[in-house]
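Asks: Residue strings, one per chain:
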Amino acid sequence: MNKVYSGADQAINDIKDGSTLMLGGFGLCGIPENCIAALVKNGVKHLTCISNNAGVDDFGIGLMLQKKQVRKMISSYVGENAEFERQLLSGELEVELIPQGTLATRCMASGYGLPAIFTPAGVGTEVAEGKEVRIFNGKEYLLELAFDADFAIVKAWKGDTMGNLIFKDTARNFNPLMAMAGKITIAEVEELVQPGELDPNQIHTPGIYVHRIFKGTGYEKRIEQRTIRKKS
Amino acid sequence: MNKVYSGADQAINDIKDGSTLMLGGFGLCGIPENCIAALVKNGVKHLTCISNNAGVDDFGIGLMLQKKQVRKMISSYVGENAEFERQLLSGELEVELIPQGTLATRCMASGYGLPAIFTPAGVGTEVAEGKEVRIFNGKEYLLELAFDADFAIVKAWKGDTMGNLIFKDTARNFNPLMAMAGKITIAEVEELVQPGELDPNQIHTPGIYVHRIFKGTGYEKRIEQRTIRKKS
Amino acid sequence: MALDKFQIAQRIAKELKDGFYVNLGIGIPTLVANYIPEGMNVELQSENGLLGMGPFPFEGEEDADLINAGKQTITTLPGSVFFDSAMSFGMIRSGKVDLTVLGAMEVSDQGDIANWKIPGKMVKGMGGAMDLVASAKNIIVAMMHTNPKGESKLLPSCTLPLTGKRCVKKIVSDLAVMDVTDEGFKLLERAPGVSVEEIISKTAGKLIVEGEIKEMQF
Amino acid sequence: MALDKFQIAQRIAKELKDGFYVNLGIGIPTLVANYIPEGMNVELQSENGLLGMGPFPFEGEEDADLINAGKQTITTLPGSVFFDSAMSFGMIRSGKVDLTVLGAMEVSDQGDIANWKIPGKMVKGMGGAMDLVASAKNIIVAMMHTNPKGESKLLPSCTLPLTGKRCVKKIVSDLAVMDVTDEGFKLLERAPGVSVEEIISKTAGKLIVEGEIKEMQF
Chain G
1 MNKVYSGADQ AINDIKDGST LMLGGFGLCG IPENCIAALV KNGVKHLTCI SNNAGVDDFG
61 IGLMLQKKQV RKMISSYVGE NAEFERQLLS GELEVELIPQ GTLATRCMAS GYGLPAIFTP
121 AGVGTEVAEG KEVRIFNGKE YLLELAFDAD FAIVKAWKGD TMGNLIFKDT ARNFNPLMAM
181 AGKITIAEVE ELVQPGELDP NQIHTPGIYV HRIFKGTGYE KRIEQRTIRK KS
Chain S
233 MNKVYSGADQ AINDIKDGST LMLGGFGLCG IPENCIAALV KNGVKHLTCI SNNAGVDDFG
293 IGLMLQKKQV RKMISSYVGE NAEFERQLLS GELEVELIPQ GTLATRCMAS GYGLPAIFTP
353 AGVGTEVAEG KEVRIFNGKE YLLELAFDAD FAIVKAWKGD TMGNLIFKDT ARNFNPLMAM
413 AGKITIAEVE ELVQPGELDP NQIHTPGIYV HRIFKGTGYE KRIEQRTIRK KS
Chain Y
465 MALDKFQIAQ RIAKELKDGF YVNLGIGIPT LVANYIPEGM NVELQSENGL LGMGPFPFEG
525 EEDADLINAG KQTITTLPGS VFFDSAMSFG MIRSGKVDLT VLGAMEVSDQ GDIANWKIPG
585 KMVKGMGGAM DLVASAKNII VAMMHTNPKG ESKLLPSCTL PLTGKRCVKK IVSDLAVMDV
645 TDEGFKLLER APGVSVEEII SKTAGKLIVE GEIKEMQF
Chain L
683 MALDKFQIAQ RIAKELKDGF YVNLGIGIPT LVANYIPEGM NVELQSENGL LGMGPFPFEG
743 EEDADLINAG KQTITTLPGS VFFDSAMSFG MIRSGKVDLT VLGAMEVSDQ GDIANWKIPG
803 KMVKGMGGAM DLVASAKNII VAMMHTNPKG ESKLLPSCTL PLTGKRCVKK IVSDLAVMDV
863 TDEGFKLLER APGVSVEEII SKTAGKLIVE GEIKEMQF
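Protein chains in written order, with the numbering used here: chain G, 1 to 232; chain S, 233 to 464; chain Y, 465 to 682; chain L, 683 to 900.
Treat each hint with caution, since some may be false.
Okay, derived cross-link-like pairs now, SDA-like style, lysine to any residue, Cα gap no bigger than 20 Å in a straight line [unchecked claim]:
id, chain 1, residue 1, chain 2, residue 2
1, Y, K633, Y, T610
2, L, K806, G, G79
3, G, K139, S, D380
Beyond 10 Å from chain G on every Cβ pair, some chain L residues (computed) [claimed, not checked]:
id, residue
4, E697
5, K831
6, L870
It should be emphasised that the hints constitute simulated quantities derived from the structure, not laboratory data. Note that CB positions come from ideal geometry on N, CA and C, so glycine has one too.
Could you build the full structure based on these sequences and the hints that come with them?
Replies: Structure (structure tokens):
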């Protein structure tokens, strides 16, 4: 059972038009750059993308938007993207906005075999429209369903050939949650090692959740908001 | 805000008769030995203990049973304990049996602010009696409520003075889940270090969940089933 | 002749496929690990929080922090992972574990299973069994066909309190291999030297016998 | 004189207590970090997965893998922890974060808050704001008392789509400090040199003024 793929082109090769994809990352931090580039090259269309953000005009999922590959975005925040706005206003693109914690927890619920969660986020707002409200201990909660995707595409720091993954710093974000929610999960990693090289106590995503893994190359890791302080 | 306590006696000092305690561990693996010894010494009574198992006759929670400190056990498996059986049959002790995955997930739900979960475990069995059954995608699930405890008492491998915890091997088990579910969480650790000494990528329980921490001593780490193979 | 427990385990091992993640219960199921074909990649999950379980340790190398769900000292293999009990049952409930093998006191021809409680006896608890049977995609039961009194353990309906409903997919007993279908137990194979008539006579639940029933191959 | 944004942040910092875990929103709330009293232990949570956030990095030390919820490059302090987004909102929902500070477009005298959407304008999304306001034990809103047209942002009820209902506990504006009570906004302090009359005239929602209203101390 070989999970190791030669690269992004091979790993995403069977993704078909109309598929639902989860893409890890928060802003441009921890996004699967190699797979996004391969998807843009491959040209697959009518995608539903579940990702906390939609990239910027010329990076991240923004690159897929430029090529009009995305039919629907499911996100918590989609600012910083003029092409996104244009497509949304023209009706080419559909968007569904979900509170960030709800988005994260619905992914995790899928990987934990929990069909639904109750969350207070959105109670009394338009997010609650059409949803079941239930009171526990005097507080209102919305019923939100777990969600999975045809493919979850994540970026890790280190991985082994059995699919075990370790993430770095805040590049972890949605990646381990989406990794658990993919019918097929594809992981690109900065460093690919042999089984036994990662400390079994320190693995964030067990390989049982990961179906394909490859060593990514040429990470640009673009910074969205470069904030610094002066040395005094 | 000092979370560091001198030892188990001080850390458990304000636990009152009738309290509900969660105790980490699976069998005798990863149990908070120091706190259990301090509870036995302290003599606090009428406790409700939530723990996957009830120890053996002369170790773990078994020591508290000997002193008749426990009114009710909430566990998934309570074998290997003759005194337990005697108290149960005599009506001195009450027991509530919960499927192991349900027990674990109800603790986690508390730490994740999820008031309830849906699980298929126990559907169609006596565990389902009186519980709401709900169908998602054609499959039946039971509604089970999150649960917390007055005190969660856990054992970690390493911890820092801010309460961040790292567990070792299968001694992790219920410990990080219960750590999230305590109104007050007490952690005993084999090694207590200063902030910054633990890798922030590798912490299992963030200190925000931990209220008290101390360096335990004299760990016996008794083995329940010593199984070995011969060198050939 | 009826199989012994090692042969039952050996026959079950033939159901393994390369790349499978497998949870083996206590008793006969544990023995299945000894018959994983050479070169086949099968990862063992232990529900107390380990993927990649290895054999028992050599004497003197036992580690109290490293046990399986049967509380036995064990070892790990390269690529193993530790996790907490919630994630462990998370991967079980979400169907990531390909195969679960466990023992049973009784199985019904509807696929119900009873293996945790005998009325009138001290109840030790269900442990992880109810989670496992309610969640697994594929459950094989390893069991003796009859109890020590010679009574069938494959019944029209279970007499003992259930562990799970309509969940068992396949049974490997000391006498036979059977699928559990919508119509009842379907006899697939018989133990070497055991007659179809003996299997019929020892199966109280509905048993479907169609065509020639071959002997098990090992 | 009305406070500037730095003074608002400075006043909010007086609400911090030793040992607090705090989530600071984008904008004025972020500035609160600059006024944490010397020697007080306050841990900053960033909902993208970090506890123990430090100041911005020195030039040349930025790390693309280390950002806050505003996507700004940051640093960590000793004892920091990284976690995934589900655990991050888990600690928020379970009330482990002691204080949340965020901005608002409008607040009602019932404690409703609107800060994510303006009808007719491109909607960028609520990000984590709905989770934060629905979950936090203690929410302080940092805001200007009026909009650029001089209209009150403290209303009998919000006109914009809500982010959360009955959740705001306290407001620190450029003019005043107010609690949100069951009876409406309760004036606690006024900005130095700002009259109670001015605050009353710029508050459209119900404002309770009892006794002498002192000037804020810094």
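Asks: If a hint holds in the structure, say so; if it doesn't, say that too.
Replies: For each hint, the structure was consulted:
{"no.": "1", "hint": "K633/Y with T610/Y", "verdict": "holds, 19 Å"}
{"no.": "2", "hint": "K806/L with G79/G", "verdict": "holds, 5 Å"}
{"no.": "3", "hint": "K139/G with D380/S", "verdict": "holds, 17 Å"}
{"no.": "4", "hint": "E697", "verdict": "holds, 23 Å"}
{"no.": "5", "hint": "K831", "verdict": "holds, 24 Å"}
{"no.": "6", "hint": "L870", "verdict": "holds, 26 Å"}
When each numbered hint is compared with the structure, no violation occurs for any of them.
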